[in-house]
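Peer 1: Keeping their order, the protein sequence lines are chains A and B. All residue numbers in the first sequence are consecutive under my numbering, ending with 875. All residue numbers in the second sequence are consecutive under my numbering, ending with 875.
FYI, nobody ran anything at the bench for these hints, they're computed from the structure. What you are looking at is a predicted structure, and each value in this text was computed from that prediction instead of being measured. Idealized CB from N, CA, C, for every residue including glycine. Honestly, I wouldn't trust all of these hints.
[Stated by the list, open to error] Stretch by stretch, here's where chain B covers chain A in the computed footprint (C-beta under 8 Å, at least three residues):
| hint | segment |
| --- | --- |
| 1 | 304-318 |
| 2 | 404-411 |
| 3 | 443-449 |
| 4 | 509-523 |
| 5 | 654-668 |
| 6 | 860-868 |
[Claimed, not checked] With a cut-off of at most 25 Å between alpha-carbon atoms, the simulated DSS-like pairs for lysine-lysine come out as follows:
| hint | chain 1 | residue 1 | chain 2 | residue 2 |
| --- | --- | --- | --- | --- |
| 7 | B | K843 | A | K582 |
| 8 | A | K484 | B | K871 |
| 9 | B | K475 | A | K475 |
| 10 | B | K582 | A | K486 |
| 11 | A | K804 | B | K804 |
| 12 | B | K509 | B | K704 |
| 13 | B | K535 | A | K844 |
| 14 | A | K584 | B | K294 |
| 15 | B | K582 | B | K302 |
| 16 | B | K804 | A | K808 |
| 17 | B | K302 | A | K475 |
| 18 | A | K581 | B | K519 |
[As the list claims (entries may be wrong)] Coverage of chain B stretches by chain A, computed from C-beta distances (three or more under 8 Å per stretch; other residues unrestricted):
| hint | segment |
| --- | --- |
| 19 | 347-353 |
| 20 | 428-434 |
Residues per chain, in single letters:
Number of protein chains: 2
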Amino acid sequence: MIMTTVLDKINSPRDVKELSMDEVPVLAQDIRDGILNRVKTIGGHLGPDLGIVEATIAMHYVFDSPIDKFVFDVSHQCYPHKMLTGRKEGFIDKDKLFSITGYTNPQESEHDFFTVGHTSTSVSLATGLAKARDLKNEKYNVIALIGDGSLSGGEAYEGLNNAAVLGSNFIVIVNDNEMSIAENQGGLYKNLELLRETKGKAELNFFKSIGFDYYYVEEGNNVKALIEAFNQVKDINHPIVVHIHTVKGKGIPASEKNKELYHYAMPGWLNEDNEIVLPSSMPETYNSLTADYILKKKKEDSTVIAISPATPGVTGFTQDFRKELGPNYTDVGIAEEHAIAYASGIAKNGGKPILGIMSSFIQRTYDQLSQDLALNNSPATILVCWGAISPMDATHLGIFDIPLISNIPNIVYLAPTNKEEYLSMLNWSVDQTQYPVAIRMPFGEIISTGIIDNTDYSKLNKFKVEEIGDTVAILGLGNFFGLGKQVKNELEKKLGINATLINPRYITGCDEELLESLKQNHKLVITLEDGLLDGGFGEKITRFYGNSEMKVLNFGAKKEFTDRVPLELLYERYHLTKELIVQDIKKCIN
Amino acid sequence: MIMTTVLDKINSPRDVKELSMDEVPVLAQDIRDGILNRVKTIGGHLGPDLGIVEATIAMHYVFDSPIDKFVFDVSHQCYPHKMLTGRKEGFIDKDKLFSITGYTNPQESEHDFFTVGHTSTSVSLATGLAKARDLKNEKYNVIALIGDGSLSGGEAYEGLNNAAVLGSNFIVIVNDNEMSIAENQGGLYKNLELLRETKGKAELNFFKSIGFDYYYVEEGNNVKALIEAFNQVKDINHPIVVHIHTVKGKGIPASEKNKELYHYAMPGWLNEDNEIVLPSSMPETYNSLTADYILKKKKEDSTVIAISPATPGVTGFTQDFRKELGPNYTDVGIAEEHAIAYASGIAKNGGKPILGIMSSFIQRTYDQLSQDLALNNSPATILVCWGAISPMDATHLGIFDIPLISNIPNIVYLAPTNKEEYLSMLNWSVDQTQYPVAIRMPFGEIISTGIIDNTDYSKLNKFKVEEIGDTVAILGLGNFFGLGKQVKNELEKKLGINATLINPRYITGCDEELLESLKQNHKLVITLEDGLLDGGFGEKITRFYGNSEMKVLNFGAKKEFTDRVPLELLYERYHLTKELIVQDIKKCIN
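Construct the entire structure; sequences and hints are all you get.
Peer 2: Here it is as structure tokens:
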């Protein structure tokens, strides 16, 4: 348990209202200590939370949560709110850090209304709360808190455009810390800059232009100024934006300086001085392979362009990488829909776009994948990272990308199993001009065969038979090819079966010839995929065999939102260990 | 062939540049005649095309297509462009109307760059074209033409925000006809109104606020004024919006008056006077049932609220309906992402939202379905209409909603097969507070059993056995329950098999108990679904039986974008006739 002073007596927002102004700075420091304690130990969002401490205190001082309702965008900035609403133990008590999530969560507290972990949703969700309030003839404040970075997302804009005509109380607090995860991107941010420079007085005002009333607070880390502002807008009868200018990473000099680096930290990243010290040399990863490949390829072809929707770090697009690429790199901001359409346009006009995106965030752009990209057969390359069953929060699961992408016509979705395959697929994709291609980046440590892969991937849907056997055929897709090998060995050991081992490589089609040939001397085909079973790869194999004697077992994740469930438990639950799989096989073929 | 005069000599944009200004009004009339001829005969978009005639002439007069590149948003306004780029026969020659599509299409012409039929995509796609141009060091104009209605969509905003910082030539023509399909919705439109009133001079300017240069043209149906404007911005070295004020439906008095009604017309809707006369009484449809239900329910419960993302017509939300509902109806504009999040927010705060949306457009909101709705278990009701295999354009297929929705955890997706079931499911969904529910509205004429359905749908995934038989079990989902009946009869007639007929009702889960029991005296289960096979309902049934002796045949659509393929051909291709299905069954069980 870390030492706090004023925070000790805060058990609910009511206690915040009792504070003297002298106690407020102490409380702010207590909260910052709590944030640091949590992030150092179990990881989490640092910069956004450090910057919003004063605003959160002021919000709870002025408004009456949970009667007045706060919706926190993406929840990267909800830690102080959690500490003031009965959940401080999740920050200060080392034994209880895991008792609360890093995102808003209605199951934890009546002060949270939604489980949120994707960006740009707060205004829309809050508009719904406000509309229901009006239909019920109730009176209270509905407040969405959204960062400037999240404003580039289409859903935020759709929400603002609609909230503006709600005709009743609605408050949007724009937490302008001059950053997204990386730098902000887009024309909007010039306007925010103008508004900051003019202390909110510029006539040209994005928020007003879409119908909001507007209030500017220059000192966004000054509790008194914030209380005054919030008191001004409390119980207002129409939609208003309160634009507060805060410092991301406030309170830690290193964090105030390198805002991107300190956005998020993993356990152990922060040292005793609250600094992140990056190692001078990093081991090779699939990210570094990707970055190296793109840098090299761009030297050969000036139309190669890397694209990120505001998450360059996840695919290894480091600050150095971005600098070196110059105009051959675009961060589109939090704007996944645009990212795909933009890539499609570049590809259609002869460029070679390579978009890196997290599995969980490609969900934000289904229609663009379908209409802008696939229907137009634009030869862009999409690298899907973090696609795997994982102990992540329910908001960031990487199990839905296969059902999402692989059931769209025309897209070729590839699942490499090692370094050489990955690089070969990547290079094939970038060079070819026939298909939109997505590649599910291998997850975890690099596996290398040491043998260059010269496969011509334009021969679509040719699975690779790694080892020929009989009775049981194992289709180990992507990340789970290794599990497939384990199962093969276990089958040999336990049942004396010399199984066939297949690396499907293509997620989006069946190798019908091969599957047909397996009927000759196999009784059972098993599929292993590191993702959702429903709508996934395995079901297509099963459908292929539906009219035959072949039995098929599909292994993968169940259709559920899991929340920070340890990987071992998930593997157990889904029968994703060699032992459980071989047990299931035994039951099936006996 | 209809009579035209100036259009006769226009075979490519080059010919437009040769015209005298006296010929221009005649050409405009020729184009309008062509639009009317096509729409009267085979249906299509009327109002948007009539309004953009002059602008399109001016665009081709000033710019050099296809070197200069036009991207038409949603393509509702591309008919004049098609007529000026070698495709006039598709409008004036009655034998060739079907030779061209109603949307831009690169396979038809080098003057089209994308197949487009969903809204709000043009700016992003064009930004990609422009970026590739810059990477290749080429010089020409890239022009996106977007309607004011499409500006409410998040993808348009993401595109504008990014295009603004492109740093090179980029022209967005905003065709402001003061309408979406229905009225425009949202705060943005107050600003467009202000800009029109001030002839573009207001300081408060949405486009400038996100970083665009700006040019206003009051007379958007005056070719001379437009030519002057386009000459001003041609070859400009930075992004600019040209805001042109046009009249939707221009040239047809009735159309200029009732802009919503004349947005689109089906074959035969327009009479000789180019007027649409609605019948005084309409037959009962699933739409009218829906509207009647909502109106009645709202009288009992003031928190019932109907929502449409700018397409009220498709679910029967008529002008009268909307008027009667008043504040209990929200058109969010073209903003499907917001629509879902808004519905989630309303449901979370005790309201009863009912959102009507086309199958093809629900694609625009996958992540909101997953994160804002399903993860939060918000009890909203989503009515998915036009979900069916159809002879539609490739841009408007209704076959993807089952894979899209049914593989998201927590959502209950229902497939009613008749009027009574539909109303019962709808009422259950609106009253319950446990699940997000989507209902696939039956497609086509009303089927009525005449017997009120009292099923308690909270017992999830209970399939309904309609007729008990043996050997073959038929799972006829939703629209295809009727086909299931036909197959049952045909099986009796041709093979003497008394098949079991099942109405699954639930798309999102398996009735494992029932499926297990079928093993006793059935050899084969067939699934029939009016949608895509890949990732769909049938595959889940097949997976269930993977480890058993039961054979399974899945019938549904192949994974492909079909483009205006007659339904009979599709049914033939996919084996969706009773004869072909029984043939397949015969092969399988012999």
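Peer 1: Compare the structure with each hint and give your call.
Peer 2: Structure-based check of each hint:
With 0 residues having a Cβ less than 8 Å from any Cβ of chain B, the segment 304-318 of chain A misses the three-residue criterion, and the hint is violated. A count of 4 residues in the segment 404-411 of chain A with a Cβ less than 8 Å from any Cβ of chain B is obtained; the coverage claim is therefore met, three being the minimum. Counting residues of the segment 443-449 of chain A whose beta carbon lies closer than 8 Å to any beta carbon of chain B gives 7, which reaches the threshold of three, so the coverage claim holds. Residues of the segment 509-523 of chain A with a Cβ under 8 Å from some Cβ of chain B number 0, which does not satisfy the need for three, so the listed coverage is violated.
Check on the segment 654-668 of chain A: 6 of its residues sit with their Cβ under 8 Å from a Cβ of chain B, so the three-residue criterion for coverage holds. For the segment 860-868 of chain A, the stated coverage by chain B is not satisfied: 0 residues place a CB nearer than 8 Å to a CB of that chain, which falls below the threshold of 3. At most 25 Å may separate the alpha-carbon atoms for a hinted pair to count; K843 (chain B) and K582 (chain A) exceed this at roughly 37 Å. For the suggested pair K484 (chain A) and K871 (chain B), the alpha carbons sit about 78 Å apart, so the restraint of at most 25 Å is broken.
In summary, the hint linking K475 (chain B) to K475 (chain A) is supported, as the alpha carbons are separated by about 22 Å, within the 25 Å threshold. A C-alpha spacing of about 48 Å is found between K582 (chain B) and K486 (chain A), which places the hinted pair above 25 Å, so the restraint is violated. In summary, the hint linking K804 (chain A) to K804 (chain B) is supported, as the alpha carbons are separated by about 23 Å, within the 25 Å threshold. Straight-line distance between C-alpha atoms of K509 (chain B) and K704 (chain B) comes to about 55 Å, which puts the hinted pair past the 25 Å bound.
Between K535 (chain B) and K844 (chain A) the alpha-carbon distance is near 52 Å, which puts this suggested pair outside the 25 Å criterion. Between the alpha carbons of K584 (chain A) and K294 (chain B) the distance comes to roughly 49 Å, so the proposed pair goes past 25 Å and is violated. A threshold of 25 Å between alpha carbons decides the hint, and for K582 (chain B) with K302 (chain B) the separation of about 59 Å lies outside it, so the pair is violated. Only pairs whose Cα atoms come within 25 Å are accepted, and K804 (chain B) paired with K808 (chain A) is accepted, the gap being roughly 19 Å.
Our distance criterion of 25 Å between C-alpha atoms is broken by K302 (chain B) and K475 (chain A), whose separation comes to about 39 Å. With a C-alpha separation of about 37 Å, the suggested pairing of K581 (chain A) with K519 (chain B) is violated against the 25 Å cut-off. Only when three residues or more bring their CB closer than 8 Å to a CB of chain A does the claim for the segment 347-353 of chain B stand; here the count is 0, and the claim is violated. Counting residues of the segment 428-434 of chain B whose beta carbon lies closer than 8 Å to any beta carbon of chain A gives 0, which falls below the threshold of three, so the coverage claim is violated.
Going through the hint list in order, the structure does not satisfy hints 1, 4, 6, 7, 8, 10, 12, 13, 14, 15, 17, 18, 19, 20.
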